[in-house]
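**Q** Here the working numbering = 1-based position in the sequence shown + 2.
Calculated directly from the structure, the hints in this document are not laboratory data.
None of the values given here were measured: they were computed from a predicted structure.
Errors might be hidden in some of the hints.
[Claimed, not checked] Think about it this way: if two alpha-carbon atoms lie no more than 20 angstroms apart in a straight line, the pair counts; the simulated EDC-like pairs of lysine to aspartate or glutamate are:
1) 97 with 301
2) 72 with 42
3) 152 with 213
4) 152 with 286
5) 97 with 52
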Amino acid sequence: MLWDNFVSEAKNSTFLCYRDFMDYHQDRFKDHSLLLYKKEKLVAVFPANEAENVLHSHQGLTYGGLLFNKDLKLRDVSECFKILLEHAKENNFQKVHLKLLPTMYSPLPTNELQYLLFILEAKLTRRDALSVVNMQHRPKISRDRIAGNKRAKKHGLVIKEVDTFEAFWNEILIPNLAQKHAAKPVHSLVEIQQLKANFPKQIRQFNVYKEDTIVAGTTIFDTKYVAHSQYISGNEDKNDLGSLDFLHLFLLNEVFADKMYFDFGISNENQGKNINTGLNYWKEGFGARTITQDFYEIDVKQSHKLDTIFI
Numbered sequence: 003m004l005w006d007n008f009v010s011e012a013k014n015s016t017f018l019c020y021r022d023f024m025d026y027h028q029d030r031f032k033d034h035s036l037l038l039y040k041k042e043k044l045v046a047v048f049p050a051n052e053a054e055n056v057l058h059s060h061q062g063l064t065y066g067g068l069l070f071n072k073d074l075k076l077r078d079v080s081e082c083f084k085i086l087l088e089h090a091k092e093n094n095f096q097k098v099h100l101k102l103l104p105t106m107y108s109p110l111p112t113n114e115l116q117y118l119l120f121i122l123e124a125k126l127t128r129r130d131a132l133s134v135v136n137m138q139h140r141p142k143i144s145r146d147r148i149a150g151n152k153r154a155k156k157h158g159l160v161i162k163e164v165d166t167f168e169a170f171w172n173e174i175l176i177p178n179l180a181q182k183h184a185a186k187p188v189h190s191l192v193e194i195q196q197l198k199a200n201f202p203k204q205i206r207q208f209n210v211y212k213e214d215t216i217v218a219g220t221t222i223f224d225t226k227y228v229a230h231s232q233y234i235s236g237n238e239d240k241n242d243l244g245s246l247d248f249l250h251l252f253l254l255n256e257v258f259a260d261k262m263y264f265d266f267g268i269s270n271e272n273q274g275k276n277i278n279t280g281l282n283y284w285k286e287g288f289g290a291r292t293i294t295q296d297f298y299e300i301d302v303k304q305s306h307k308l309d310t311i312f313i
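Taking the hints into account, I'd like the entire structure generated from these sequences.
**A** In structure tokens, the structure reads:
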């Protein structure tokens with residue numbers, strides 16, 4: 003497929019931008035994804051959906067933006083982005099909302115869009131703080147995390163990678179989110195099972211058991227350079243058992259030691275303006291430090307400003 007083939011080679015993309023991932027919730031969004039060509043060659047794509055008068059960097063994805071191949075230079079990216087904005091204007095969109103890929107997901111420099119957003123005087127609408135471990139330069143693990151790991155071993159906990167999600171979703175994740183946040187997982191059980199079927203090597207489930215009873219788990223999105231904990235949850239005894247400390251030290255030291263980064267995700271609340279202190283403290287105990295993800299709003303009438311960059 004043309005789209006997927008391009009995404010697989012793009013310098014600022016992951017499997018989340020494949021159509022088989024984007025389309026699992028196609029009933030919730032009106033797709034308006036774009037393919038951009040230069041001399042009949044596909045050079046960029048924009049995973050997107052439309053809502054009222056706004057063209058959104060796809061709202062069903064954690065990140066996105068304009069995806070381009072590694073051969074595209076700054077001037078080319080500028081031209082592509084202007085075409086995108088002109089298309090939005092011609093189709094009666096007033097704004098483009100952009101969510102950028104965090105920098106650690108690419109080994110190559112990828113800040114072309116950040117520079118163009120400065121030129122366009124785009125509005126920064128949100129900035130999330132991700133807790134990320136640089137796997138090649140790891141700070142020391144905190145005493146609390148080490149102590150939790152020891153408690154888990156004392157209790158005889160066991161970690162297993164499994165291909166099914168029922169136990170974690172139904173016995174741990176859904177009850178926890180309902181009790182603590184009156185919320186549900188972003189992905190239903192059926193949806194995560196469908197995504198696992200589409201991406202068996204990239205979506206992985208690790209559970210922790212005490213005497214064959216599940217007590218904790220995490221769902222990993224495994225990309226080329228980054229392992230990301232999409233869901234992390236344990237039962238009410240997780241602190242006494244040290245189950246999540248045990249699990250994540252195992253993942254860091256054994257399963258994903260060769261990755262460039264391990265991404266624990268955000269601890270933000272209130273659209274990025276607050277941070278859950280306890281959750282952030284726990285993640286930083288593994289040596290995680292902050293990388294940000296930015297969200298922007300662009301007035302399409304400002305597209306002409308891209309004409310003035312190169313002199």
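**Q** Hint numbers the structure violates, sorted upward?
**A** Checked against the structure, no hint fails, so every one of them is satisfied.
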